[in-house]
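Trainee: Using the supplied hints, reconstruct the complex from the two chains, each of which is provided in its own coordinate frame.
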Amino acid sequence: MVNFKPTDEQELVRQTMASFAREVLRPAAREADEKNDVPETVVRRGWELGLVQSSIPEPFGGYGDARSAVTGVLLLEELGYGDLSMALHLLAPRLVTIPLLFCGSEGQQKRWLPRFAGEQFVAATAALTEPRWDFDATALTTRAERRGGDWIITGEKCLVPLAATADVILVYAETADGKAAFIVERGTPGVTVGERERNMGIKAVATHPVHLADVRVPADARLSGDRAAMERLIDASRVGIAALAVGVARAAFEYARDYAKERRAFGMFIAQKQAIAFMLSNMAIEIDAMRLLVWEAAWKLDSGAPATRECYLAKHYASQAALTITDNAVQVLGGHGYIRDHMVELWLRNARGFATFDGLAIV
Amino acid sequence: MIDFELSENATNQQRMIHALAEQAMRPIAREYDEREHEKPWDFLTMVWQLSGGNPIGGGEKRPKEGPSERNLMMCVSIEELSWGDAGLYLSIPNSGLGGAAVAAAGTPEQKERFLARFSGGKPKWAAMAITEPGCGSDSSAIQTTAVRDGDHWILNGTKIFCTSGLMAAEKSEGFVVVWATVDKAAGRAGIKAFVVEAGTPGMYVTKVENKLGIRASDTATLVFEDCRVPHNNILGSPEVPKTTEGFKGVMATFDATRPIVAASAIGVGRAALDFVRDTLKEHGIEIRYGVSTHRLTALERDFMEMEAQLEAARLLTWRAAWMMDNGLRNSLEASMAKAKAGLVVTHITQKAVELLGPLGYSRTLLLEKWMRDAKINDIFEGTQQINQMIVARRILGYSSKELS
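First to last, the protein sequences are chains A and B.
Numbering-wise, my numbering puts 309 at position 329 of the first sequence, and it's gapless, one number per residue.
Numbering-wise, my numbering puts 339 at position 347 of the second sequence, and it's gapless, one number per residue.
Only chain B is shown next, with the shape it has when bound in the complex (with noise of 0.2 Å):
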């Protein structure tokens, strides 16, 4: 049956986290922007105490009989922790992107000897690498090499963007799962993905980005030289099939990521809207739903039309994350959550300082910062284009040979 009320449970979550958003986040969100590549520990180690290394908000592992609720939650609660704050959402020490790899693609000993470590301890961070100075969105296109040598792989290459890199490559014993090809002339089938702990000889990170938003998070350069990984490290199999099939299934775990990331999208977003409406109503304007179009103000249509984007996107996100927990594949469904989110909070938070003209532009207001981090779900996880490419691909029934 239709419903969009949240479970009980979910409302719970959802207040609980929107207070530590509001007491944690909200106070520290400027300084830690300022203070681009600090690190705001007293929070880190906080929040990792409080969520015991668990992703916030992934709530109960899938119960065997009736619906999970389990990637719904965590859409709700990632957007409570993007209102508090994108950047130190981001910066959060969890088993994240390199854990969800692990656990998409790992064996029961692999998941037990990576996963393990998150559930106590100091905080931890995991990573993916997969952009490289010369390719982004063309990840079949990896220059990143891995050899086998005996018992070990040897992985040469170089990358970048990589979020928590430094955090999960140096700052913690967490790892970074690293994309690499083991036959350049297989093409995409011959990427495969190894898990390299963090303090391996032959990874160093060699720069942390400067960035326009989103600076709390760190976004680092690995350069890997001769650097040796156990055999059993790398993710499924070593052999290189002669299908498109392994690939497909690393690609198949941006179905269970790009929803959170419109999630997150969506919470600074709300935090924009929020904040606008909050003002307008501390000087005597209100919102009149109802009333015939033409006598409504430039600002009235202005905010409905922002508010509206950003439900259509929530909706779009949680009907994605609703497939996923219902057991539903939900590829088509991901990719236009993440293509809406990204583009809606990016013109949302745009007109929002707009809208409250010099005070949004001021750096003493928020504003301006959650424009300037708004833009990141634009193009992380899959640019604009890419989901929009993804999209237009399915429901055209066209392969990626036939639509490029």
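Extracted from the complex, chain A is given alone in its bound form (with noise of 0.2 Å):
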């Protein structure tokens, strides 16, 4: 039966993801930006709220229930909405647990997952884009041959988060029967991690090229999951990508919106001008069409039934939206959505990312 309550449980996560990135994400955000560094202190306190142990069930260490879509972009949302940036780095962890659940045998999920579920942060990561203008995750050049009983990966990475300071990297490469993901551990031959990109957005995150020339792993690095489990962890990385962006649209929508009120021009507010509250109501219509349609596709996904098309078209519709809401952010300030001592041209800056963005399997 058709019902757009949440549970209780998820609303309490989601209350505690709200005040997070109220209170610890929202406050750091400039400073991580201009600073391009995510401070100790919110790295800290990330791993405390549990956002990765959370993702890892208990008897692999963490405290983390069965997993749901609907939860995670519940979580994502609140967390885009404090900040993308530092929220990518908090929850790159998830891009290896995640998968191991999606994908991972027992033995494989029994020896990778308690790594992340100890005392503190353990920087871990997956690498799928790589660096072309027509890069296609579903098409992707890096390549992975079976040689003997251990795999050889050859290929070109590139906005690999924590790429240089991750335990492990997730790869993402074709193989002659199809789409694999390997648990690459720090250190392996063969792996060199770039110097640090220099993107539009997403500053306070690390990110990097990674070069993988024969890169020889064993048998049973490779996920075990087949083509379909891996094609449902593509359609939970554009879900994920889609709830983050819903965040990034409400910051920029609140923010715009306040503005509004305080901002008083021909001897009124310009809220009170329709050239300025239509913008505005525009933005909120759209955000929550964009919810609505992450909350559909999460729930799809949930279900068990093919996802792909929401997964797909939720991540369009979100992507495009979020540009559109940013810019009109910006354009609501004026000159001063231009100036960063405003929050509003970061968020425009990080939204544009999100049509690029792709492997972020983090629910």
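FYI, nobody ran anything at the bench for these hints, they're computed from the structure.
Each hint should be verified, as a subset may be incorrect.
Unchecked claim - Simulated crosslink set (DSSO-like; lysine-lysine; CA at most 27 Å straight-line):
id, chain 1, residue 1, chain 2, residue 2
1, B, Lys199, B, Lys367
2, A, Lys253, B, Lys393
3, B, Lys393, A, Lys241
Stated by the list, open to error - To be clear about the criterion: a stretch of chain A counts as covered by chain B if any three or more of its residues have a C-beta under 8 Å from a C-beta of chain B, and this derived list gives those stretches:
id, segment
4, 111 to 120
5, 290 to 300
As the structure is a prediction and not an experimental result, all values here were calculated from the model.
No residue lacks a Cβ here, since even glycine has one placed at the ideal position from N, Cα and C.
Mentor: Rendered as structure tokens:
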């Protein structure tokens, strides 16, 4: 039966994330962007909150319940609302834990998951995106070939968060029998992490190119999931990105709304002018529209039914809407929106990334 | 718990009404678009008998316990009917908007007196008359007057754009709910709604409009010349309050009707989208979900955009209906749904005509008709702009004085 109300438990998760976003992420966001760095205290508090451990089931040392994409998108919207860049840093280990849960064998889960459920934050990451204008997640150029009992991986990756400090990198590559993901441990010969990338947005989180030259990993480094499991992982990535986009859009909308109610022009508040008021009402409608598309896609994913169409459409809708909304937020502030004293330009830069981001399977 | 699966009840009803739309509406859709002002009596009578005069899809009355699905099911059903044909859907005999006003603001005695008739006998319509030649969206500027004369009210004025006005006022034993002012100086507070029975002396249909679309549905001009209605036909209190609460109460009926209009819009949009998808499929073109965006054709991009927009509108609509079913105030969400759906289907149907080129533009197919039909949803039951205004006031916390 159709229902738009999260469970009490989900509502609690959402509220917890909302306070973390408001009290910890947002106040640190501007400085983190300017300094290209996530403060240690934020990493610690995110860890204390259980952002990673909650994705790991109890038998493996975490305290996560059954994985739920719906709960995941509720959480991601709030974190995106707080700060996208720092959220991506804090959530990076989930790029390994979530795929393990989707596609890993019990042995693989037992071996790797407890590593990320310890006393403190352990960096981990995934490498999907490749540095080419026509990058296509469904046709990777990175390849893995069977040689003896091992796999040999070759290719170029980029936009890999925390690659320089990651304990393990989950590398996506094409094989003779379809796309696969391989756990590559830190220090494996043939892996070269390049200089930190300089991007337009998400500046606080360190991203790197990763060069893979005949990287040899054992057979059991390959996640055992089949093609269908792999596709669902990509679906999860898309809906997660879309959820973050809802959060960023909402942040920009609220900022612009509050500004418009305080800024005076022609003897009244600019929010009292239809030109501004209607921009704001459109933003509000679009934020709800994108959120509902995200919820529906996540629900579909959780139901076990094919969800590629819903997740794909939600991602495209949300990345476009987030861009339009953040752009309009800058516009509402006029010249002030262009100045880095205000947050809206940061959200516009971050929102531009959503169409490019891929491979963020974190729900 | 967040859930997007329709209940079994709703799914069954959806299936049933879809069959009706496909078998009884589609085959006559073009004909009654071309033969404007003629009524498909066979179809109307059949639906009247089928539905027992209830708004189709209303389902059960609100249950005493547990959540109701009434409004949601209504939206699901109306999407199907409008998928069949929006003009025919609008012309279906039932208690309609007039009945909604009676249900919302009438006393138990009035409900019995005015609504019981819809459960049997010959097909009947009830219409709502608000708009005037000099005022549309600004319904507080109504010029039609109601003056008390003993046991009666005397109505004078002209109403336009009254949906099913001809059927309600002259062609059935229905009624028209007329908005009039009892005290012009009081502004909104002086506006009251009166039930005028079909055939009441002094009420005349003077014109039935020629329209861009929804041609199977009549849109009437009603003139009231010293039209006497019994005193107890006024909905709500005859007192003129100091506040505008009464007016707000009347406006609140829109909270229920806007999701329904949005659902109807979505049905038209889906008709166009389904047709385009089927046509492409016949020619071996499948929409590829999941591939990298730079490899998509322009056609695929357009189609996916239409599809996502329509789904977004549907979810906003379902949410507004679901809130109503769960006793939550939904003025904001109802206006969001209506604003989004009206605009989205206007664009979708226009794009659909474009995508199929000369075939889309031809009157041999229904695409051009759907485009004409869709546009009304961006206008009636609060224009796009009025609904944007309502949303804006809500999110900004502004009164109508602070944002106009």
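Trainee: Hint by hint, say whether it matches the structure.
Mentor: Hint check results:
{"no.": "1", "hint": "Lys199(B) <-> Lys367(B)", "result": "22 Å, holds"}
{"no.": "2", "hint": "Lys253(A) <-> Lys393(B)", "result": "12 Å, holds"}
{"no.": "3", "hint": "Lys393(B) <-> Lys241(A)", "result": "15 Å, holds"}
{"no.": "4", "hint": "111 to 120", "result": "holds (count 7)"}
{"no.": "5", "hint": "290 to 300", "result": "holds (count 5)"}
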